[in-house]
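Number of protein chains: 2
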Amino acid sequence: MKKYELDQTREFNPLGMQNFVIHDSEFFKIINFNIAAGRIFPVHSHDLEGQVSIHVIEGTGAFLGDNDAAIPAKSGDILVSDISEPHGVRADTDLRILVTIAPPI
Amino acid sequence: MKKYELDQTREFNPLGMQNFVIHDSEFFKIINFNIAAGRIFPVHSHDLEGQVSIHVIEGTGAFLGDNDAAIPAKSGDILVSDISEPHGVRADTDLRILVTIAPPI
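These protein sequences, in sequence, are chains A and B.
Quick note: the first sequence uses the working numbering, first residue 1, plus one each step.
Quick note: the second sequence uses the working numbering, first residue 1, plus one each step.
It is worth saying that the hints were derived from the structure and are not from the lab.
Among these hints, one or two may not hold up.
Which residues of chain B face chain A? A few of them, derived with a C-beta cut under 7 Å, are [stated by the list, open to error]:
(1) M1
(2) K2
(3) S25
(4) Q51
(5) I71
Even glycine gets a Cβ: it sits at the ideal position worked out from N, Cα and C.
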């Protein structure tokens with residue numbers, strides 16, 4: 001077993017997005033993205049089997065989808081999306097998300 | 001895609017543990033356990049392939065393992081363990097964890 005501390009990766013870059021791979025195994029990949037206020041994690045998708053959970057651990061913004069969909073997102077909210085379904089995130093404040101991808105890509 | 005709100009499952013039972021299945025699919029299972037102060041999620045393991053991430057979202061306590069191992073745990077800490085490796089959690093304060101199991105069991 002291995003412990004990771006998210007308070008060790010609390011870095012923001014006002015020009016964009018910081019990302020830290022927390023864990024990567026054959027079962028899942030866990031990544032912390034820190035998105036500066038006003039920035040967007042662009043909507044994207046991959047033609048692959050699997051799902052992604054996007055857990056907001058700090059800040060407020062929106063989960064983004066196809067056709068300009070925007071679902072309000074705050075700390076404690078989790079979006080689960082197929083990897084093949086368009087998904088993204090908008091940061092209204094500095095926003096931290098923990099993304100878990102299974103199986104890993 | 002589907003959104004879940006962890007502030008909707010913030011319930012503690014002083015006599016034990018509350019658990020809420022947040023998401024269950026063929027790819028992963030996500031469960032919120034709320035453990036009252038002084039209680040323990042007993043050390044356990046399953047003889048199965050896969051890994052579990054245990055993300056503390058509120059409170060302090062310890063990640064537990066074999067041979068009385070106890071690793072301090074606070075909000076923002078994540079333990080990743082093989083499902084087959086003994087793991088548990090001790091709540092020193094009211095403690096909330098988000099557990100992701102891949103593949104789901």
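Consistency of the hints with the structure:
1. Among the interface hints, the one on M1(B) holds; its C-beta lies about 4 Å from the nearest C-beta in chain A, closer than the 7 Å criterion.
2. Nearest Cβ of chain A to the Cβ of K2(B): about 5 Å, under the 7 Å cut. The hint holds.
3. Restraint check, S25(B) versus chain A: the minimum CB separation of about 6 Å is within 7 Å; hint holds.
4. Taking 7 Å as the C-beta contact cut-off toward chain A, the hint placing Q51(B) at the interface holds, the least distance being around 4 Å.
5. Annotation: I71(B) was flagged as interfacial toward chain A, and the flag holds, the nearest CB pair being 6 Å apart, inside 7 Å.
Taken one by one, the earlier hints all hold for this structure without exception.
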